[in-house]
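A.B. asks: Chains S and E, in that order, are what the protein sequence lines are. Quick note on my numbering: the first sequence kicks off at 1 and runs consecutively. Quick note on my numbering: the second sequence kicks off at 1 and runs consecutively.
The hints are simulated quantities; they were obtained by calculation from the structure and are not laboratory data. Yeah, the Cβ is synthetic: ideal placement off N, Cα and C, and Gly gets one too. Hints are not guaranteed to be accurate.
A few chain S residues that face chain E, going by a derived Cβ cut-off under 8 Å, partial list only [claimed, not checked]:
{"hint": "1", "residue": "80"}
{"hint": "2", "residue": "91"}
{"hint": "3", "residue": "93"}
{"hint": "4", "residue": "94"}
{"hint": "5", "residue": "95"}
{"hint": "6", "residue": "332"}
{"hint": "7", "residue": "336"}
{"hint": "8", "residue": "338"}
{"hint": "9", "residue": "349"}
{"hint": "10", "residue": "365"}
Simulated restraints, written as ranges between beta carbons of each label pair [to be verified]:
{"hint": "11", "chain 1": "E", "residue 1": "33", "chain 2": "S", "residue 2": "376", "range": "57 to 67 Å"}
{"hint": "12", "chain 1": "S", "residue 1": "242", "chain 2": "E", "residue 2": "357", "range": "27 to 37 Å"}
{"hint": "13", "chain 1": "E", "residue 1": "218", "chain 2": "S", "residue 2": "400", "range": "17 to 27 Å"}
{"hint": "14", "chain 1": "S", "residue 1": "375", "chain 2": "E", "residue 2": "48", "range": "37 to 47 Å"}
In silico contact screen, one side only, chain S against chain E (beta carbon under 10 Å); selected entries [as the list claims (entries may be wrong)]:
{"hint": "15", "residue": "90"}
{"hint": "16", "residue": "270"}
{"hint": "17", "residue": "364"}
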Amino acid sequence: MGDQAPAIELRGISKAFGPVQANKDISLSVAKGAIHGIIGENGAGKSTLMSILYGFYKADRGEILINGQETQIPDSQAAIAAGIGMVFQHFKLVENFTVLENVVLGAEEGALLRTTMSNARRHLTEIAEEYEMDVDPDAVIEEIGVGMQQRVEILKSLYREAEILILDEPTGVLTPAEADHLFRILRGLRDEGKTIILITHKLREIMDVTDTVSVMRRGEMTATVKTAETSPEALAELMVGRKVLLRVDKKPAQPGRTVLKVDNLKVVDDDKVERLKGISLEVRAGEILGIAGVSGNGQSELLRVLGGIERATGQVEINGQQIDLTGRHSDGRSRRERGIAHVPEDRQRAGLIMDFAAWENIVFGYQWDPAYNNGWLMDNAGIREETEGKMERFDVRPPHAHLEAKSFSGGNQQKLVLAREIERNPDLLLVGQPTRGVDIGAIEFIHQQIVDLRDAGKAILLVSVELDEIMGLSDRIAVMFDGKIMGERLPGETNEGELGLLMAGVTNGGSA
Amino acid sequence: MDAMPKWADMLLVPLISLLLAMVISALVILGIGEDPWAALKLMVQGSFGSTYGWGYTLFYATNFIFTGLAFAVASHAAMFNIGSEGQATLGGLGVALVCLALPWPHWTVALVAAMAGGALFGAAWAFLPAWLAARRGSHIVITTIMFNFIGLAVLNYMLVNVMRPEGSMDPASAKFPDSTNLPSLHDILALVGIPFSKTAPANVAFLVALVACVLVWLLLWRTRFGFELRAFGKSESAAVYAGISPTKIIVVAMLISGGLSGLMAVNNVMGEAERLVLNSVEGAGFIGIAVALMGRNHPLGVLLAAILFGFLYQGGAELALWTSIPRELIVVIQGLVILFTGALDNMVRMPIERFFLWRRRNAQAGE
């Protein structure tokens, strides 16, 4: 093993996009038959580096060596030829094709499909058996679960005889149990001699599954260490460049009156699919109710209904007053007037207008407020002044009110949204994925703001797919699966295993 | 951070586009054996060399300001209103009906009423496409194009069957009463003692257009509604999150857009022809698209671009009059300008952006 050439060696890779240096002189060596983690905050340059390796971008400088041989990778065809396979965060599968058809797509052996298909079926079964990945070759993609779809992506690479497998944030859409299954598969692949690169921002996964880990920060590779010789705290410090509190520091909640009461809430989408199947819950003043669940199980719809974006049936009371759910007498504005503030899950598509300046975004959703208007015209000067105060209090950097939202980093964009919503002093704050795409340094601050609002006696409904976040912030946890609430737990009396089972729809040993 | 400074975006890109269009036009003129330099001199002379030329240039520009603003307002709400032509046609009908309806005591009263009539008819013509887009998801480009044809047919019917004076063979309305005749720039400038061509058609509607520029700017960047309109145009999903009604924005934005198109008739129908004829809009609705694109959908940009296109129209007419350059070639030149300033915007923009990035990087490296 020791004298073997590394599976991948990168020497002095640099890549700039305009004025942004995405990768600075990166060197990396991954041994054959290892699971190597690459960890770093959003924008640290992980994805750029992998895109260079997979032929999507061309490095400005530097060389790539595969098995000790210098290799040019101008496009993904070349990457596949060099034995590199990539599993993207968003799967590249044809939804209405079968597993077999997806695996073959792009690797057909000739004009006629028949022989390809029968060869492929045999070959695919062999691979699936060898690596213990049970998939039905004739299942249609849209009818199988995400965990299974991901396995199809891996099989696609193996079918193309990949020796090196790159996985980009593979667990984002998986339940903890599915993630464990994935890690078992990855270990199996490693034991068969494959080399695996795992890109993630989750420290726990790195500790769980990798042999070695590299940390990236601001386009540079700051360290490469053996996983066994490091700790989550040490890695976090390497990622951010300073000591970070990984745990939220908070006092026990002191719940007061009921602020939000939801009863038998149902949503049917345009395709007549029931997205919410009778949700009932309560949030009291001074507490954080966390909604855990794998993304796509109705959490988004719940937030959207409460935020006045989507229609529903059922009953919702805020401060004891019923609100209209049909959309006829209500929308996002009337919710805001009732004291409901909403930090949406997708700040780029909903929370902010990316082309608007920070000061325009700071009143977005509240532009009707007389405080922001002088009669017919908006009080732009006053708004700009107020924005500067908010940006300062929420530590938005750089603190320039005239900059467009898109020119801020993810964390600072989120702080803009939070500044806007929290400083309205709402009775109820809806928060979706507060720290998605946010750097670790800002996570700490954002969590603190949410806890402070709770301590000020406000009700908070938190939706997150990050179980750590739910466990750390919530005073009560409700788990959603398939449009229903599977159960409520107290964070102190449960663990990730139990929540994971609920997230997969399993209650008391029986599947729901 | 933006790739390039704002002034480069607003001025440099359109100017370079314009220059490219002129170079190619020059080559075409060379190709048919004429002198491009002489042609350019003639165009400039003909449109800016005399108050007569100015009078025509500003007259055309007034049309383009209205249609350009119309397109810009709709654009900010992410609506591609290609129906200015039809809306201005109907605006003409509205203006004509108002002018012929009453014995107006004074042109000022008539102007206000005609503006209301033109805007109302133009807006009404935009309403149905807007409502269909907001409620039924019909594509605004398709519906507004179709409404151009329907508008033309309506005008045709009205002129032939309803408004044609008895005994006339011409599909045109009766001449408007003298009390509705708008003062020309000659009359206005005479008040302050500036001599101006008596025959040129530029009239008080130009001032109305300037006021419209200011009002549109106020609307878009200073009012709540403008804020919501622009927010919706940038991101519909975010607008819905904020509780902004897409239906309201689409319909009102299109009504304003149609109204601005309709206002154009105050210039060409009331100000110049003083009666309603077929095809009075003469493509100004489509030129408005190019004007708005070149003017970056900003009222000031629209004003400047409208004057440029006014120059192309008037200069082109002079070319056709004094040289053997055929009328069609002038359309080619106008087309080239539209092509470069509107459609090929990115072709010019990208290298300029790269230049600025390169310069900035060098500046940083030099620090």
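A.B. asks: So which of the earlier hints does this model not fit?
C.D. replies: Result: hints 1, 2, 3, 4, 5, 8, 15 and 16 break, sorted rising.
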